[in-house]
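What follows is each chain in one-letter form.
Protein chains: 2
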Amino acid sequence: MSVCEILSVGTEILLGDILNTNSRYLSLELAKLGISVLRHTTVGDNHERLAAALTTALERSDIVIATGGLGPTADDITRDVCCEVMGFEMRMSEEIADGIKAYFDSKGYEMPESNLRQAYVPVGGDVFENHNGTAPGLGLKKNGKCVVILPGPPYEMAPMYKEYVVPYLAEYSDGAIVSHTVRTMVIGESAMAELCADLLENENPTVAPYAKKGEALLRVTAKAQSEAEAEKLCVPVVEEIKSRLGNYVYGVDSESIEERVVELLKEKKMTLATAESCTAGYIPKRITDIPGASSVFGCGVVSYSNEIKHKMLGVKNETLEAYGAVSEQTAREMAAGIRRVSGADIGISVTGIAGPGSDGTSKPVGLSYIALDAGDRQVCEKIETGRNDREYNRYVNGSRALNLVRIYLEEKK
Amino acid sequence: MSVCEILSVGTEILLGDILNTNSRYLSLELAKLGISVLRHTTVGDNHERLAAALTTALERSDIVIATGGLGPTADDITRDVCCEVMGFEMRMSEEIADGIKAYFDSKGYEMPESNLRQAYVPVGGDVFENHNGTAPGLGLKKNGKCVVILPGPPYEMAPMYKEYVVPYLAEYSDGAIVSHTVRTMVIGESAMAELCADLLENENPTVAPYAKKGEALLRVTAKAQSEAEAEKLCVPVVEEIKSRLGNYVYGVDSESIEERVVELLKEKKMTLATAESCTAGYIPKRITDIPGASSVFGCGVVSYSNEIKHKMLGVKNETLEAYGAVSEQTAREMAAGIRRVSGADIGISVTGIAGPGSDGTSKPVGLSYIALDAGDRQVCEKIETGRNDREYNRYVNGSRALNLVRIYLEEKK
Numbered sequence: 001m002s003v004c005e006i007l008s009v010g011t012e013i014l015l016g017d018i019l020n021t022n023s024r025y026l027s028l029e030l031a032k033l034g035i036s037v038l039r040h041t042t043v044g045d046n047h048e049r050l051a052a053a054l055t056t057a058l059e060r061s062d063i064v065i066a067t068g069g070l071g072p073t074a075d076d077i078t079r080d081v082c083c084e085v086m087g088f089e090m091r092m093s094e095e096i097a098d099g100i101k102a103y104f105d106s107k108g109y110e111m112p113e114s115n116l117r118q119a120y121v122p123v124g125g126d127v128f129e130n131h132n133g134t135a136p137g138l139g140l141k142k143n144g145k146c147v148v149i150l151p152g153p154p155y156e157m158a159p160m161y162k163e164y165v166v167p168y169l170a171e172y173s174d175g176a177i178v179s180h181t182v183r184t185m186v187i188g189e190s191a192m193a194e195l196c197a198d199l200l201e202n203e204n205p206t207v208a209p210y211a212k213k214g215e216a217l218l219r220v221t222a223k224a225q226s227e228a229e230a231e232k233l234c235v236p237v238v239e240e241i242k243s244r245l246g247n248y249v250y251g252v253d254s255e256s257i258e259e260r261v262v263e264l265l266k267e268k269k270m271t272l273a274t275a276e277s278c279t280a281g282y283i284p285k286r287i288t289d290i291p292g293a294s295s296v297f298g299c300g301v302v303s304y305s306n307e308i309k310h311k312m313l314g315v316k317n318e319t320l321e322a323y324g325a326v327s328e329q330t331a332r333e334m335a336a337g338i339r340r341v342s343g344a345d346i347g348i349s350v351t352g353i354a355g356p357g358s359d360g361t362s363k364p365v366g367l368s369y370i371a372l373d374a375g376d377r378q379v380c381e382k383i384e385t386g387r388n389d390r391e392y393n394r395y396v397n398g399s400r401a402l403n404l405v406r407i408y409l410e411e412k413k
Numbered sequence: 414m415s416v417c418e419i420l421s422v423g424t425e426i427l428l429g430d431i432l433n434t435n436s437r438y439l440s441l442e443l444a445k446l447g448i449s450v451l452r453h454t455t456v457g458d459n460h461e462r463l464a465a466a467l468t469t470a471l472e473r474s475d476i477v478i479a480t481g482g483l484g485p486t487a488d489d490i491t492r493d494v495c496c497e498v499m500g501f502e503m504r505m506s507e508e509i510a511d512g513i514k515a516y517f518d519s520k521g522y523e524m525p526e527s528n529l530r531q532a533y534v535p536v537g538g539d540v541f542e543n544h545n546g547t548a549p550g551l552g553l554k555k556n557g558k559c560v561v562i563l564p565g566p567p568y569e570m571a572p573m574y575k576e577y578v579v580p581y582l583a584e585y586s587d588g589a590i591v592s593h594t595v596r597t598m599v600i601g602e603s604a605m606a607e608l609c610a611d612l613l614e615n616e617n618p619t620v621a622p623y624a625k626k627g628e629a630l631l632r633v634t635a636k637a638q639s640e641a642e643a644e645k646l647c648v649p650v651v652e653e654i655k656s657r658l659g660n661y662v663y664g665v666d667s668e669s670i671e672e673r674v675v676e677l678l679k680e681k682k683m684t685l686a687t688a689e690s691c692t693a694g695y696i697p698k699r700i701t702d703i704p705g706a707s708s709v710f711g712c713g714v715v716s717y718s719n720e721i722k723h724k725m726l727g728v729k730n731e732t733l734e735a736y737g738a739v740s741e742q743t744a745r746e747m748a749a750g751i752r753r754v755s756g757a758d759i760g761i762s763v764t765g766i767a768g769p770g771s772d773g774t775s776k777p778v779g780l781s782y783i784a785l786d787a788g789d790r791q792v793c794e795k796i797e798t799g800r801n802d803r804e805y806n807r808y809v810n811g812s813r814a815l816n817l818v819r820i821y822l823e824e825k826k
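Residue numbers (the numbering used here), protein chains in the order written: chain A, 1 to 413; chain B, 414 to 826.
If you're looking for bench data, these hints aren't it; they were derived computationally from the structure.
Take these hints with a grain of salt, some might be off.
As the list claims (entries may be wrong) - 35 Å max Cα-Cα, derived DSBU-like pairs, lysine-lysine:
1. A:212 <-> B:445
2. A:212 <-> B:554
3. B:776 <-> A:268
4. B:729 <-> B:825
5. A:213 <-> B:625
6. A:382 <-> B:514
7. B:776 <-> A:101
8. B:636 <-> A:266
9. B:724 <-> A:269
10. A:382 <-> B:724
11. A:242 <-> B:520
Whole structure, please, built from the sequences with the hints as guidance.
Written as structure tokens, this is what we have:
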């Protein structure tokens, strides 16, 4: 099996200015080709350190995919350093230079002179067109080693990878890895791992547990000569895990709980509406991350203030006064209210204290109530994460509210 | 200046299952201590490769911070491998074992036996308590080299870093790096860099441009013996950049446009409400990422369907029929409508085609209209990103709508 390393280039990553999402994207994609990723490395825009990192990566691996540092500015050195290490000469491509000029023309801007740096290509190397920016990608193959150079911005890198790099790497793709992820909620990672302790000893497929923002996941990964064979190794193990973990499992290979919920709503031809306090838009944002969600989702109200909870959702002022905004009663009235005003089949609501500050009462940060009203069923759950982590609390509240919808729809005849 | 490398451990990162956010967090924090981060490395849960990566990292650097692989399961080997490479013996700590048991008791769960792996500590090393999970962190110092081992989940890692690791690294913190980021919108990266071309040649402070989801940024970074001296080096350069880039600049060191808008709303004592179609909750989600946003934001409506645009925001059916949902007229009526129904001072709206599919008309993916209604001013802008990238389009639409609020508030007397 061919072995690959991913080399990210950019001082802005080492300074923490930007999050490295490219390495993750490429890892997921390379696995589909049956190419093992054994290391991610990030170095800054520094000639010596980049050259050293590339040199040692090539000693260990068949393929190195470098991203970033192809921009028009003087600190963008990846192109030059990779060609130097691999022993390729550079020349200016008139064709690419014209393409860059045309790109700026089409946007109605004048091309800054510095953009011509991006028109230099390796003699004897391959050039990958950039349909979403100006820097082309490059491919260098020599003595059985392969270096692929891609632009840093994810919206330029990902389409280029799909179109050009997948076929470019075909000769290295001599087997297949198939992975399936069983996703659970409510149960914790340790408890889940205990229930599957014997399976974690498996060699092929391997079974690995991990925790992720309020979820516990088991990843089943098989390697084989073909995708079909690898798939066949996975199936019985995934089934065994599902039967052991029961209703904690919300999906297998669902990208997320929101994807699972949109899928179920479409299947049952039902619609959902959301009423949110602390999550404030996070749930509809997640639902509409799924293309085509408009057939099952039409309306959300963010009622961050009590006034809006009353005015737009019909939560009674007496309820807010007697129990407070963060209470079972308010959550239930929000869910019923959004169902009524939107005309959707199912209304869900969240009200809670996400932190860092409390809400001025004695209620703890991390406390939330989530409710569902589907006409034929009303449910409310209390959540106490015990954590003062605003993003975590908001995310988990949203997931758990969507999980109420998932359970309701799965049980509905 | 001391030099550090960050070593992430976890096959789930190399498979692409999880995004490595810890390296970014630690990079930002280490810069504050004046410790240079020269490399990020990720390796899998593999004894040999982890040992090799740690050994070479220690040859190049004073400090290595390893995260991940401290869990309770058999593939969690970081603790053992780091102690082996640094030459520390391990022993079981009864005290930590009792603490882990108490943690499970407090949550009402029984402790899985495997969790006791987390109670092993290095003889002569330091132990960092985990207040948000069961795995303690570890510190190993020997022969001028330092290895810090932290748990992988960010909500365990970050508080532990702040409480224990910052003082633990004090002896390595012999200078300071100060960075400021000038953030712009509407102008592109190349054009921005051209306007500041001479500054990009600076050595201290360095000035580096980069692009980020519809924004162009310039990072000014100075190194000096003290924070105050480094700050002094930055100030004139930041001022020069601001005067060259004018109104494109929406903030310096604002974490984001939403942070800037919340700050301005508080300053002017005004409130904002949102009406969204394609962004569907993304704008209020971003606004309420900022703790304390409740004093300036109380209401948002996600009107994903035309029915809801009419029913809840009062967009005229004739407007929707004549011009369509994605039109200047609809955007303007949505902004006016949300301002009216919410009672907020300023209403903003977004309606557009985020992709991947079109809306069934001949309008292109990437087309959006954003509008602002503040009573004394109404504005509408057309955006054409030219990209079929749902997340990008939704994010940029939100940013540009918030930018309308920023400009309105900055100009308001």
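Against the structure, the hints:
1. Straight-line distance between C-alpha atoms of residue 212 (chain A) and residue 445 (chain B) comes to about 28 Å, which keeps the hinted pair within the 35 Å bound.
2. With a CA separation close to 31 Å, the supplied pair residue 212 (chain A) and residue 554 (chain B) stays within the 35 Å bound.
3. The suggested pairing of residue 776 (chain B) with residue 268 (chain A) holds, with an alpha-carbon distance near 31 Å, which does not exceed 35 Å.
4. Annotation: proposed proximity of residue 729 (chain B) to residue 825 (chain B) holds, straight-line Cα distance about 30 Å (limit 35 Å).
5. Using a Cα cut-off of 35 Å, the hinted pair residue 213 (chain A) and residue 625 (chain B) holds, with the two alpha carbons roughly 25 Å apart.
6. Of the supplied pair hints, the one linking residue 382 (chain A) and residue 514 (chain B) holds, its CA atoms being roughly 25 Å apart against a limit of 35 Å.
7. Restraint check: the Cα-Cα separation between residue 776 (chain B) and residue 101 (chain A) comes to about 27 Å, which is no more than 35 Å; the hinted pair holds.
8. For the given pair, residue 636 (chain B) sits about 56 Å from residue 266 (chain A) by alpha-carbon distance, which is inconsistent with the 35 Å threshold.
9. Restraint check for residue 724 (chain B) and residue 269 (chain A): satisfied, since their Cα atoms lie roughly 22 Å apart, inside the 35 Å limit.
10. Distance restraint check for residue 382 (chain A) and residue 724 (chain B): the Cα-Cα separation of roughly 32 Å lies within the 35 Å cut-off, and the hinted pair is therefore satisfied.
11. With a C-alpha separation of about 25 Å, the suggested pairing of residue 242 (chain A) with residue 520 (chain B) holds against the 35 Å cut-off.
Hint 8 from the earlier list is the only one contradicted by this structure; the remaining hints agree with it.
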